Amino acid sequence: MSKTVRHVSIDPITRLEGHGRIELFLDESGGLADAFFQIPELRGFERFCLGRQGEDMPQITERICGVCPEAHHFASTKTLDACYAAPPPPRAKKLREVLYNAYIFSDHLLHFYYLGGPDFLVGPYAPPQERNILGVIGKVGLELGKEVIKHRGYGQRIIELVGGRPIHPVSGIPGGQSKGITEEERTEIETMAASAVEFAQATLDVFKGKLLEDETFVRFASQESLALPTYYMGLVDKKGAVDFYDGDVRIVAPDGSEYAQVGASDVLALIEERTEPWTYVKIPYLKDVGWKGFTAGPDSGVYRVGPLARLNACKEIGTPLAQTEYEVFLDYFGGGPVHATFAYHWARLIEMLSAAERTAAFITDPTLMEGPLRAPLGEPGEGVGVIEAARGTLIHHYGLDDRGLIKSVNLVVATTHNVAAISLSIKEMAKAVVKDGNVDQGILNLVEMSFRNYDPCLACATHALPGQMPLIVDVRGTDGAVRQRIER
Amino acid sequence: MSDRTGPFEPKIVAFLCRWCSYAGADLAGVSRMEYPPNVVPMRVNCSGRVDVEMVLAAIEKGADGVLIGGCHPGDCHYVSGNYKTRRRVALIKRALSEIGIDPRRVHLEWISASEGHKFQQTITQFTQRIRDLGPSPVPAAAGAKVGGNG
Amino acid sequence: MGKAKIGVYWAASCGGCDCSLLEVNEQILDVAAAADILLWPCATDVKYADLESYKNGEIDIVLFNGAIRTAENREIAKLIRTKTKALVAFGSCAHTGGVIGLANLATRDEIFTTVYGEQRDGWPQVSASQNGYDLHLPEFLETLTPLAEVVEVDYVVPGCPPPREIVSQLFSALVAGELPPMGTVFASQKNLCEECPREREQEKITRILRPHQQEPDPEKCLLDQGFVCMGPATRGGCGAVCPAANMPCTGCAGPTESITDQGAAMLNTLASLVGTGEEGEDQLDAEDAILAQLDDIIGTFYRFGLATSLLRGRYHEQNRTAR
Numbered sequence: 000m001s002k003t004v005r006h007v008s009i010d011p012i013t014r015l016e017g018h019g020r021i022e023l024f025l026d027e028s029g030g031l032a033d034a035f036f037q038i039p040e041l042r043g044f045e046r047f048c049l050g051r052q053g054e055d056m057p058q059i060t061e062r063i064c065g066v067c068p069e070a071h072h073f074a075s076t077k078t079l080d081a082c083y084a085a086p087p088p089p090r091a092k093k094l095r096e097v098l099y100n101a102y103i104f105s106d107h108l109l110h111f112y113y114l115g116g117p118d119f120l121v122g123p124y125a126p127p128q129e130r131n132i133l134g135v136i137g138k139v140g141l142e143l144g145k146e147v148i149k150h151r152g153y154g155q156r157i158i159e160l161v162g163g164r165p166i167h168p169v170s171g172i173p174g175g176q177s178k179g180i181t182e183e184e185r186t187e188i189e190t191m192a193a194s195a196v197e198f199a200q201a202t203l204d205v206f207k208g209k210l211l212e213d214e215t216f217v218r219f220a221s222q223e224s225l226a227l228p229t230y231y232m233g234l235v236d237k238k239g240a241v242d243f244y245d246g247d248v249r250i251v252a253p254d255g256s257e258y259a260q261v262g263a264s265d266v267l268a269l270i271e272e273r274t275e276p277w278t279y280v281k282i283p284y285l286k287d288v289g290w291k292g293f294t295a296g297p298d299s300g301v302y303r304v305g306p307l308a309r310l311n312a313c314k315e316i317g318t319p320l321a322q323t324e325y326e327v328f329l330d331y332f333g334g335g336p337v338h339a340t341f342a343y344h345w346a347r348l349i350e351m352l353s354a355a356e357r358t359a360a361f362i363t364d365p366t367l368m369e370g371p372l373r374a375p376l377g378e379p380g381e382g383v384g385v386i387e388a389a390r391g392t393l394i395h396h397y398g399l400d401d402r403g404l405i406k407s408v409n410l411v412v413a414t415t416h417n418v419a420a421i422s423l424s425i426k427e428m429a430k431a432v433v434k435d436g437n438v439d440q441g442i443l444n445l446v447e448m449s450f451r452n453y454d455p456c457l458a459c460a461t462h463a464l465p466g467q468m469p470l471i472v473d474v475r476g477t478d479g480a481v482r483q484r485i486e487r
Numbered sequence: 000m001s002d003r004t005g006p007f008e009p010k011i012v013a014f015l016c017r018w019c020s021y022a023g024a025d026l027a028g029v030s031r032m033e034y035p036p037n038v039v040p041m042r043v044n045c046s047g048r049v050d051v052e053m054v055l056a057a058i059e060k061g062a063d064g065v066l067i068g069g070c071h072p073g074d075c076h077y078v079s080g081n082y083k084t085r086r087r088v089a090l091i092k093r094a095l096s097e098i099g100i101d102p103r104r105v106h107l108e109w110i111s112a113s114e115g116h117k118f119q120q121t122i123t124q125f126t127q128r129i130r131d132l133g134p135s136p137v138p139a140a141a142g143a144k145v146g147g148n149g
Numbered sequence: 000m001g002k003a004k005i006g007v008y009w010a011a012s013c014g015g016c017d018c019s020l021l022e023v024n025e026q027i028l029d030v031a032a033a034a035d036i037l038l039w040p041c042a043t044d045v046k047y048a049d050l051e052s053y054k055n056g057e058i059d060i061v062l063f064n065g066a067i068r069t070a071e072n073r074e075i076a077k078l079i080r081t082k083t084k085a086l087v088a089f090g091s092c093a094h095t096g097g098v099i100g101l102a103n104l105a106t107r108d109e110i111f112t113t114v115y116g117e118q119r120d121g122w123p124q125v126s127a128s129q130n131g132y133d134l135h136l137p138e139f140l141e142t143l144t145p146l147a148e149v150v151e152v153d154y155v156v157p158g159c160p161p162p163r164e165i166v167s168q169l170f171s172a173l174v175a176g177e178l179p180p181m182g183t184v185f186a187s188q189k190n191l192c193e194e195c196p197r198e199r200e201q202e203k204i205t206r207i208l209r210p211h212q213q214e215p216d217p218e219k220c221l222l223d224q225g226f227v228c229m230g231p232a233t234r235g236g237c238g239a240v241c242p243a244a245n246m247p248c249t250g251c252a253g254p255t256e257s258i259t260d261q262g263a264a265m266l267n268t269l270a271s272l273v274g275t276g277e278e279g280e281d282q283l284d285a286e287d288a289i290l291a292q293l294d295d296i297i298g299t300f301y302r303f304g305l306a307t308s309l310l311r312g313r314y315h316e317q318n319r320t321a322r
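Protein chains in written order, with numbering that gives the first Met the number 0: chain P, 0 to 487; chain Z, 0 to 149; chain S, 0 to 322.
One or more hints might be untrue.
If the Cβ cut is set under 10 Å, some of the chain Z residues that face chain S in the computed set are [as the list claims (entries may be wrong)]:
| hint | residue |
| --- | --- |
| 1 | Arg17 |
| 2 | Pro35 |
| 3 | Val38 |
| 4 | Met41 |
| 5 | Asp50 |
| 6 | Arg86 |
| 7 | Arg93 |
| 8 | Gly133 |
| 9 | Pro134 |
No wet-lab data here; the hints were simulated from the structure.
Nothing here was measured: the structure is a model prediction, and the numbers come from that model.
Even glycine gets a Cβ: it sits at the ideal position worked out from N, Cα and C.
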């Protein structure tokens with residue numbers, strides 16, 4: 000039996016990847032009683048990957064997401080490198096890095112100008128038909144608009160040249176890459192990468208000119224209730240710098256102290272998941288801290304991934320221009336870790352710049368053009384591959400039988416890690432902006448803006464696999480109270 | 000489509016090559032050899048005409064079993080059609096196994112024009128084999144669940 | 000005449016088809032100038048309530064990607080069908096069910112057990128109560144189907160995702176107000192081999208290779224070399240970019256017109272090509288040994304088309320008395 004005064008649905012949520020719905024329940028005073036973030040989609044990759052050929056997994060798992068296929072493609076490829084004990088030769092690794100950083104650049108660009116950015120670039124109270132890339136182009140002008148399109152095109156073109164196709168690339172194979180690039184292609188990429196660096200800096204200028212001068216953005220970025228003091232997870236290299244392609248997983252606590260730094264194969268042991276009957280996604284949290292409900296703080300196992308988390312989990316950015324911007328960012332917020340959720344937009348652009356710098360650096364490396372593309376393969380076995388998708392840490396884990404077929408598969412996917420935090424952010428925003436029963440489309444869009452910070456990919460989110468991860472299931476009665484807890 | 004009241008009577012489609020196995024079937028007929036009536040014979044010019052799609056379509060349309068009759072190796076009227084059939088049947092069986100259909104529901108036999116008795120034996124044994132396997136899971140699943148271990 | 004009214008929608012989808020619409024780069028501005036976008040959840044804020052409020056046939060054309068996996072996908076497909084004059088099955092999932100059609104190898108219960116564990120009471124439910132509030136989820140359907148099994152489809156744009164050149168052609172036709180006749184498939188009518196630049200010598204396949212087992216010769220046909228390439232059974236129009244990247248075609252654009260079952264057609268091809276160079280009774284064991292090198296028939300030959308193949312998914316034999 001439901002208790003509700005008024006029920007408002009945002010259906011579907013828009014300007015993100017995937018299907019989602021927000022259910023708001025208002026109380027008698029017209030303020031927020033409760034809010035739920037539901038994901039109504041599931042496709043079942045974890046099941047139908049069983050029995051597949053291992054080397055087909057990069058092309059199969061990348062269909063989990065067509066916005067971030069490169070992330071799955073290379074998490075999968077790296078997992079196969081491990082399964083066959085075949086680290087790629089330098090030429091193949093550098094090619095992957097060129098492609099991968101171009102992907103990060105392209106995906107972050109997409110989010111700022113096409114998905115989450117329009118709320119501020121056009122304005123949070125703009126009419127709905129203008130809150131999109133076309134409205135952005137209308138606002139910033141056709142010249143900048145064409146630069147946006149051109150540079151996204153550059154990112155995609157680099158992926159195409161190195162990976163074979165701009166969406167759902169094919170070049171990742173166990174131990175290497177299926178193809179190299181010609182000298183003409185290398186030169187083309189070098190020119191595009193240099194332009195990408197400049198464009199990323201120009202985008203940061205747009206951010207500072209538009210968002211940091213926007214009263215709504217500044218208010219949300221400084222509002223305490225919208226800052227979540229969570230744990231943060233991201234990949235770092237040996238120096239503790241952000242690394243999108245490889246490294247150790249570093250987790251920091253809300254006060255910035257190190258909670259853990261582990262290799263890829265050990266991070267799964269730190270995470271536990273729970274199911275809820277009202278959403279198809281599962282909700283991970285840090286096992287040893289424990290699940291305390293949808294709440295943030297040092298005693299809650301809720302953690303975040305993605306641009307803000309990576310900037311909090313690292314000791315430095317790792318590329319010079321982005322490092323300068325990172326210091327400006329930290330200075331603005333009074334030092335790290337930065338908990339303000341709206342800071343994700345800024346963190347994402349710092350990463351966009353860093354990714355462009357990395358692409359520009361890797362493309363001039365002479366080892367890119369000579370040497371073998373493939374390492375000799377050992378016998379098929381078990382392996383883990385970890386990578387930073389644009390939206391957060393992504394882990395693939397496969398067991399191959401003696402014919403190289405998948406006998407076990409485990410996927411922990413970026414946005415899944417953020418589900419608890421997204422739910423929390425939505426509820427806090429709804430509490431802050433829903434008053435006196437006013438739920439016009441502008442107010443509802445403010446609620447949506449709270450999740451857009453995270454650049455969610457919900458097709459990805461519904462594909463975490465329990466595998467050996469512990470799973471907690473609360474069996475509830477019809478009144479919602481927990482009757483029984485089952486642990487696996 | 001399929002009438003499943005009463006005891007199970009297999010529905011079997013037999014693709015028989017005109018030069019050898021269909022002639023063998025004719026011989027069994029004129030010799031008045033008895034064999035179960037469960038088979039729908041389809042004459043083709045060569046067993047090599049039988050492609051993967053035809054066999055799968057027969058199963059999709061309700062055949063509990065599919066029999067292919069061809070010439071003995073070396074005797075194919077068109078020289079090598081039967082070799083291609085043999086390889087196709089191997090692949091069909093693999094595909095059926097992977098989707099949970101017993102591969103024994105498809106059977107290839109070499110039957111020459113003079114082997115009426117062999118034709119009789121083949122039909123009798125194959126019909127019994129299908130009777131033992133039971134109805135094809137495909138028509139049973141039509142309109143209901145497709146998938147898995149039930 | 001006014002601007003055309005277009006829509007884009009995703010059912011059970013990865014978002015790649017939505018992104019493919021942006022691969023035309025600046026041409027998207029021509030589309031925006033010529034058309035109003037009445038639906039596109041990835042990129043605009045139109046909600047289901049807005050869609051419901053449109054008049055029947057108010058939208059001129061909707062590009063619908065994704066397969067029908069949940070009751071919501073089915074319901075919205077039907078709603079969109081009433082609101083649009085022309086409906087396009089855009090991309091492999093809407094066209095043939097796509098990679099996610101491989102989910103038909105399992106029942107819903109098996110999928111849920113894998114994802115959520117064995118305890119059914121803890122699984123996501125169509126209706127649930129939380130903190131005293133009623134919440135609903137769309138039912139996960141037992142079988143995944145492509146769009147055309149739920150509503151009538153007017154055009155097909157194949158591919159996973161459709162390639163830039165094809166999307167550009169579609170947009171040019173839209174902008175000019177000159178769509179081809181209904182029933183048109185936006186792809187080549189011929190198979191991929193016609194446009195693949197590799198040299199084909201129609202050699203016998205004496206050994207079957209998986210892509211990671213050997214670096215292919217970049218000039219020769221991949222099938223000739225023993226790699227299973229779906230090209231012969233697959234529509235062209237994509238420029239054969241996968242073979243150009245040294246990887247075999249996986250069949251994402253679906254079968255050519257004359258083929259009913261893409262996997263079956265390719266299995267035929269493979270059966271014809273596998274051999275030692277001679278045929279005869281003394282070659283049969285060697286032929287069997289070559290065929291035994293194949294793994295994962297369904298994942299290789301039906302990767303994008305299981306949902307529209309003749310046999311669709313996985314079955315369960317009830318009677319096990321036969322020995």
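Each hint, compared with the structure:
1. Arg17: 20 Å, violated
2. Pro35: 16 Å, violated
3. Val38: 18 Å, violated
4. Met41: Check failed: Cβ of Z:Met41 comes no nearer than 17 Å to chain S, outside 10 Å.
5. Asp50: 5 Å, holds
6. Arg86: 4 Å, holds
7. Arg93: Since chain S brings a Cβ to about 5 Å from Z:Arg93, closer than 10 Å, the hint holds.
8. Gly133: Holds. Min distance 3 Å.
9. Pro134: 8 Å, holds
The structure is inconsistent with the numbered hints 1, 2, 3, 4, although it conforms to all the rest.
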